[in-house]
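> For reference, the chains in residue letters:
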Amino acid sequence: MNVLTPTETEWPALRERAASWPFQAVLVANRGEIAVRVLRTVQRLGLKGIVVYHAADRGTAAVRLADEAVEITGETPVGAYLDGAQIIRVAQAAGAGAIHPGYGFLSENKGFCEAVEAAGMRFIGPTPEQIDLMGDKVRARNFVEKAGFPVAPSAIEDDDPKTFVERSRQVGAPLLIKPSAGGGGKGMRIVRDLSLLEQEIERGRSEGQRYFGDGRLYCERYIENPRHIEVQVLGDGQGGVVHVFERECSVQRRFQKIVEETPSPALDDAKRREICETAAGIARSIGYRNAGTVEFIFGQSGEFYFLEMNTRLQVEHPVTEEITGIDLVLQQLRVAAGEKLGCTQDDVKAQGHSIELRIYAEDAARGYTPTTGPILVLHPPQGEGVRWDSGVLHGGEVTSAFDPMIAKLIIRGADRAEAIARADKALKDTVLLGCKTNTAFLRRLIAHPAFIAGDVHTGFLDANPQIAAEPVLATETLQALLAAASLSTRPMRDVADAVPDMHAAMGSWRN
Amino acid sequence: MHHAFKLGDDVHNVELSRSATAYRLHLGEQRIDIDLRTGADGRAWLTLGERHVEVVIATRGDEVFVHLDGEAYALRYQHPLDRLAAAAGGNAEDRILAPMPGSIVSVAVKAGDAVSKGQTLLVMESMKMETTIAAPRDGVIAEVTYEMGQTFDRDALLIALEAQK
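Chains A and B supply the protein sequences, listed in that same order. Take 1 as the starting number for the first sequence in full-length UniProt numbering and just add one per residue. Take 1 as the starting number for the second sequence in full-length UniProt numbering and just add one per residue.
I should point out that these hints are in silico values taken from the structure, not numbers from a laboratory. This structure is a prediction, so every number in the text was calculated from the model and none was measured. Be aware that one or more of the hints could be misleading.
With the C-beta cut set under 10 Å, the calculated list includes, among others, these residues of chain B facing chain A [claimed, not checked]: (1) Met1; (2) His3; (3) Leu7; (4) Glu15; (5) Ala22; (6) Gln30; (7) Leu36; (8) Leu68; (9) Ala72; (10) Leu75; (11) Gly102; (12) Ser103; (13) Gly149; (14) Asp153; (15) Arg154.
Dumping the calculated SDA-like pairs for lysine to any residue here, alpha-carbon to alpha-carbon at most 20 Å [stated by the list, open to error]: (16) Lys6/B x Leu478/A; (17) Lys6/B x Thr475/A; (18) Lys428/A x Asp69/B; (19) Lys425/A x Glu71/B; (20) Lys425/A x Arg43/B; (21) Lys6/B x Arg490/A; (22) Lys6/B x Val472/A; (23) Lys6/B x Glu476/A; (24) Lys257/A x Phe402/A; (25) Lys6/B x Thr477/A; (26) Lys6/B x Glu470/A; (27) Lys6/B x Leu473/A; (28) Lys428/A x Val53/B; (29) Lys428/A x Trp45/B; (30) Lys425/A x Val53/B; (31) Lys257/A x Ser126/B; (32) Lys340/A x Asp327/A; (33) Lys425/A x Asp69/B; (34) Lys428/A x Pro449/A; (35) Lys6/B x Pro471/A; (36) Lys428/A x Glu71/B; (37) Lys428/A x Gly70/B; (38) Lys428/A x Leu68/B; (39) Lys425/A x Glu54/B; (40) Lys428/A x His52/B.
Each residue gets a CB set at the ideal place from its N, CA and C atoms; glycine is no exception.
Just need the whole structure built from these sequences, with the hints factored in.
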């Protein structure tokens with residue numbers, strides 16, 4: 001049997017195998033589209049799918065789809081999904097043998113992972129040690145560097161304060177000075193001329209002192225207009241590791257991805273092999289178990305450096321599934337059940353192009369601020385190469401309780417041009433009324449010449465604010481909208497209907 | 001009779017009357033014969049003069065949502081009385097509305113407090129960012145609508161100031 005991409009006829013045999021796995025019921029400790037996504041594969045394997053939900057999610061697709069749904073409570077809705085102890089109690093009571101954490105919430109929480117295993121269940125994810133190592137950005141970076149993989153050249157003042165300036169100079173320009181205690185971009189300074197280095201270090205130090213009460217600094221190579229390229233990996237924790245190609249996620253707003261695609265238009269075959277093998281090597285060096293993603297920062301001249309490793313399923317995993325035919329959740333479940341990957345790198349093949357567009361409840365023209373509202377009408381797009389991963393239903397409601405992502409539109413095409421054309425049509429066909437979404441913005445974005453040319457970087461949307469701006473309405477459009485609204489507003493029709501036809505007709509003659 | 005819809009930040013005045021066969025839309029000096037026929041699954045055909053366009057329409061209260069040519073729009077019907085009050089009173093500054101949905105982190109004032117322009121009234125949280133809401137003018141707090149921890153939608157009334165004499 002082909003364990004990576006089982007055919008329809010091979011699934012019955014796969015279900016038979018799953019019947020002897022150490023778990024026969026899987027609890028999904030998540031919500032929204034990812035809970036639906038995980039439940040589909042769990043149920044397809046013939047396993048029982050259980051989901052937990054907060055009252056705010058009662059009417060959602062995951063709760064309807066699950067074989068069993070158990071309500072959990074918390075001070076806030078998010079708090080309920082972060083309450084590991086409660087979720088473990090529910091899982092045990094429901095007879096779950098394994099917990100799938102999805103992404104976000106408890107997915108990269110070492111303590112939760114340990115508690116699940118201590119309770120005698122399988123955690124569908126990596127080992128606690130792997131979560132711990134990759135969760136600490138500095139430790140992860142140092143580990144990856146020691147293992148011989150590329151990290152951005154840097155100098156940490158704490159390592160030896162006396163030589164900090166000299167070591168920073170060796171990092172080379174352009175470089176970025178950051179407060180060690182910092183975050184959110186505060187106190188960061190870009191140095192392009194090394195003769196200004198000492199002066200800039202002093203300024204950075206005084207800013208760090210002012211913002212964080214801590215003047216310690218570190219320097220790293222600054223990548224101008226970087227791209228975000230990440231590599232999907234799969235490991236079985238028993239020596240088996242493969243990569244499942246890259247995804248490019250350079251189109252971002254507020255450091256959050258909006259559009260992801262694979263293959264990356266920035267890579268040629270040689271560079272693709274190099275970056276994918278680097279990711280597989282990093283996963284191999286820690287004996288990685290589970291699906292994971294190694295993220296890189298990719299410079300305009302082709303240099304790339306390790307950024308971080310996410311030890312979970314990623315929001316944008318579907319594009320990888322679309323070009324390879326691999327069900328990544330199936331692979332997570334197999335590995336958690338103790339199976340070996342049972343394949344080599346050569347078994348992983350890709351074909352075509354896939355793009356994911358995140359449908360957010362937000363107003364791009366108002367600084368991408370979130371919107372809320374009822375979902376009065378929802379017609380998901382259909383057609384060849386169109387996949388709609390969503391947790392919301394017609395009649396549901398978008399609230400400010402959770403992340404504003406409503407759905408993911410995933411498009412597959414024979415090549416990038418076909419995928420973009422299909423994406424535009426699918427966005428146009430997406431009808432969602434009651435809550436403002438970013439679909440019109442996404443259409444402007446994928447029609448932009450730079451996007452079509454594949455020439456984007458993580459600062460692309462900041463550099464092109466006109467894409468987010470609300471375009472001026474054409475007169476014809478405005479007329480149609482006012483006509484539709486007028487005819488749909490009861491008080492207006494009532495007033496108009498109160499005047500007899502004949503009188504109305506005469507009225508217009510008099511004018 | 002005059003009606004109005006708010007679309008984005010703009011208010012558009014309209015009038016509607018019967019025509020011999022359906023309705024007539026009045027926009028300024030323009031008169032356009034219009035009609036709307038709804039089919040199955042909520043899709044509808046809108047006629048404007050010689051033009052026919054497919055639309056999907058949903059309403060909730062005073063809001064009308066329209067999907068037209070691949071894009072969704074929201075229009076809000078402006079009640080004549082509200083418009084009258086707004087025109088007469090010009091009291092927009094008395095009502096501090098939420099700039100985006102979120103939750104209350106802290107409230108610094110209570111009804112009856114005298115505040116000066118720029119003074120912090122409350123701190124809200126949205127998108128994991130805190131935003132401070134400050135007094136738009138000197139005045140007295142008439143009402144504080146939400147308590148710490150409560151959530152609200154965009155344009156919810158957060159704080160009202162006593163009207164100025």
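> With reference to the structure, classify each hint as holding or not holding.
Hint by hint, here is what the structure shows:
1. Met1: With a closest approach of 5 Å, the Met1/B hint holds.
2. His3: 5 Å, holds
3. Leu7: 7 Å, holds
4. Glu15: 9 Å, holds
5. Ala22: For Ala22/B, the interface hint holds, since the closest Cβ of chain A sits about 9 Å away, which is under 10 Å.
6. Gln30: 8 Å, holds
7. Leu36: Since the shortest Cβ distance to chain A is 4 Å, the answer is holds.
8. Leu68: It holds, given that the least Cβ distance between Leu68/B and chain A is near 6 Å, below 10 Å.
9. Ala72: 6 Å, holds
10. Leu75: 4 Å, holds
11. Gly102: 6 Å, holds
12. Ser103: Since chain A brings a Cβ to about 7 Å from Ser103/B, closer than 10 Å, the hint holds.
13. Gly149: Where the cut-off is 10 Å and the nearest Cβ of chain A is about 8 Å from Gly149/B, the hint holds.
14. Asp153: At about 5 Å, which falls below the 10 Å cut-off, the nearest Cβ of chain A leaves the hint on Asp153/B intact, so it holds.
15. Arg154: 7 Å, holds
16. Lys6/B x Leu478/A: With Cα atoms ~12 Å apart, Lys6/B and Leu478/A stay inside 20 Å; holds.
17. Lys6/B x Thr475/A: 16 Å, holds
18. Lys428/A x Asp69/B: Satisfied, since the Cα-Cα distance of roughly 7 Å is no more than 20 Å.
19. Lys425/A x Glu71/B: 12 Å, holds
20. Lys425/A x Arg43/B: It holds: about 18 Å lies between the C-alpha atoms, which stays within 20 Å.
21. Lys6/B x Arg490/A: 16 Å, holds
22. Lys6/B x Val472/A: Status holds; Cα separation ~15 Å.
23. Lys6/B x Glu476/A: 17 Å, holds
24. Lys257/A x Phe402/A: 17 Å, holds
25. Lys6/B x Thr477/A: The hint holds at about 15 Å.
26. Lys6/B x Glu470/A: Between Lys6/B and Glu470/A the Cα gap is close to 15 Å, so the pair holds against 20 Å.
27. Lys6/B x Leu473/A: Roughly 14 Å separates the two Cα atoms, so the pair holds.
28. Lys428/A x Val53/B: 15 Å, holds
29. Lys428/A x Trp45/B: 17 Å, holds
30. Lys425/A x Val53/B: Holds, at roughly 17 Å.
31. Lys257/A x Ser126/B: 18 Å, holds
32. Lys340/A x Asp327/A: 16 Å, holds
33. Lys425/A x Asp69/B: Roughly 11 Å separates the two Cα atoms, so the pair holds.
34. Lys428/A x Pro449/A: 19 Å, holds
35. Lys6/B x Pro471/A: Cα-Cα ~16 Å, so holds.
36. Lys428/A x Glu71/B: 7 Å, holds
37. Lys428/A x Gly70/B: 4 Å, holds
38. Lys428/A x Leu68/B: OK: Lys428/A and Leu68/B at ~9 Å, within 20 Å.
39. Lys425/A x Glu54/B: 16 Å, holds
40. Lys428/A x His52/B: 18 Å, holds
In the structure shown, no violation is registered for any of the earlier numbered hints.
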